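Heads up: the sequence lines are chains A and B, in that order.
Residue numbers for the first sequence follow this note's numbering, beginning at 1 and rising by one.
Residue numbers for the second sequence follow this note's numbering, beginning at 1 and rising by one.
Calculated from the structure, these hints are not laboratory results.
Quick caveat: nothing in here was measured; it's all calculated off a predicted structure.
Each residue gets a CB set at the ideal place from its N, CA and C atoms; glycine is no exception.
Not one of these hints is a red herring.
Taking CB as the label site, the calculated pair distances span:
hint : chain 1 : residue 1 : chain 2 : residue 2 : range
1    : B       : S103      : A       : H261      : 24 to 30 Å
2    : B       : M144      : A       : L50       : 52 to 58 Å
3    : B       : R99       : A       : D41       : 22 to 28 Å
4    : B       : M144      : A       : V42       : 53 to 59 Å
5    : A       : P291      : B       : R99       : 48 to 54 Å
6    : A       : H231      : B       : H67       : 38 to 44 Å
7    : B       : Q158      : A       : K256      : 41 to 47 Å
If you want the building blocks of each chain, they are given just below.
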Amino acid sequence: MKKILAILLVLIFMGEINAQQSPGKDHSELNINCKTCHTCDVPTKDEPCLVVCPREKIATIYQKPEQTPELIVIDQLKDRYNPVYFSHKIHAQMSIMSGGCENCHHYNTSGPILKCNNCHQSSRQREDISIPDLKGAYHRQCMDCHREWSHETGCNTCHSPINDLKESEKNDFKKQLKGKDHPPVTEPTKIVYETNFEGGKLVTFYYDDHINNFKLKCNQCHARESCTRCHDVNHISSDKLILVKEKKSLEEHHKKCFNCHKENDCAKCHLDKQLEPFNHKQRTGWALNKPHSYLSCVSCHGSKQPYKKLDNQCVSCHKGWKKENFKHSVTGLRLDKIHSELSCEDCHTGKDYSVKPGCNGCHENYVYPNQKPGRLVGK
Amino acid sequence: MSGKSRREFLKKSITAGAIATGLSSSTLKAGPLNILSPDRMGVLVDTTVCVGCRNCEWACKDAHNLHAGNLDSYEDRKILETKRRPDHTALTVVNEYPRGKYSNLPIDVKVQCMHCDHPACVSACIVGAFSKQENGSVIWDTDMCIGCRYCMAACPFQIPAFEYDKALDPLIMKCDFCFDRTKEGNLPACVNICPVEALTYGPRTELIKVARKRIKRNPDRYIDHVFGELEVGGTSWMYLASKDFKELDFPDLGKNPAPGVSESIQHGIFAYFVPPVSLYVLLGGIMWITKRRKELGTEEKI
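Taking the hints into account, I'd like the entire structure generated from these sequences.
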């Protein structure tokens, strides 16, 4: 009898584990704060310490703002107020640099987008007080930003009392909100910061290097920017769109850089003159040509910072590389029959593939690329 | 200990007196109602959520038949430039503090009676008008109040206010945790109106758990301190904040219940008939001096 009970218990236990769908094997690499779902610092498989929420609908796919509904009408308080017209698309566009969809939806759902009232109860008098009620949840989403934006907290900022608007005015209002887009956020090529640091006053930051060469995404650094980061809401100038100086502590200023750069190497960024853009050839002596220029730094150097110098041997990265399975055409040059039968070192002396190949071994007065051992094919 | 034994002595003697005068002991209360129910309710004020809309101020006045005015008039944010205290015209007020050098947003803090677990006002009230109710509210009976204002002096948060401007029948005023509303199963008016639910109403034990969880999940957002969990022996209203409570004008109080202080002062003064004895000593002294003067005067005349 005891045995049957034990088996039953195990079965029930297993059933419960299966019922909790996994958010995916590599979900730790998604841009989601661990504390969104786990309550403890180190969740394990046995003790995942999960928060109470519909996790089975957790996010894995990120929708583009343009794919989302343009206008959402919130009309739960029909009897007291006119509906609130929420311009969803433009807000989604704005949220790209401030936490993305999950900034409001908490879990960016891959399936049906959950309604707020799936979790947030409409009554303030309730059993579970660990999360805000619907009214609180709604207002927290709007008011946190809007009071920073307009410094207003009055109800009438968003809710117009019923009968205040005529039907035609309502339609005008809807029209105004439709077809509006937040202009795309364009990054400058570089910014030169003037600092007070004695060892070197100028810090040059190349945006295009970080995005195109280092393959970072904007929101990897700008994850929690508020609108006031770019917009002058305090009316220092008449232009609401001027870039206002960031109010941040010294620590916070450096935090983003220290994610990748070494903390104790001040002179690397702080210089007396402007820094030149990153050049792999100048810095390392190895030109980063195609196809290697397509790669992100980590794919060769690994994710461990600071990056270590690699040698110029192909086999260091291309494990299992042999002459027999190498197609020379990937370099942009297809070898002709005679040359393809030679060994690599015959042209690439000393196995140094970063320098020009030499023809002297066989030919007199032949110079690459005037004379080619094959045909250019493009990469 | 002496205070306790004295109270017990008084209780016994009053009960004995009541029995002697023919009253049934069951109908008689030995002291003010001072219940510390395990199910008592409370409110968790999250100052990191509050947006300072002051709707709670309006709702409070509206619920207590005070002059509330139009809700729209509370949108005026100039009033937040000066620090205010709750008084007889506003039982709760919201004050604003700078969040820090690096933020445009202020911190807004609602101030009202904390509804202590060991209320000093209950213990200080000489007529027993104050009481701690089962649901956590600290309320008072205006009919019993004699206007001595001992509660005002005893309160560690300086909450009870007095209608000084009324010559006749002035009243003590403070937040009553909307006792009349909660009695009927409604939420306190301020909790009900708060648009962002910065005020969470619930069983006090549950609120502490919620507060601890919020701190644990957002260590960057909150300091690790629930004001009111332990202060003056615990309060029904508790606060979460992003910076030190001292910077938000919260008093730096120990963990010992406040009645310990007020009771020891009172009992120290009233013990061993100190006031009447000292009064008689004083009067006797004056009599002796005037008598001696008279005697000296008559001697000189002769």
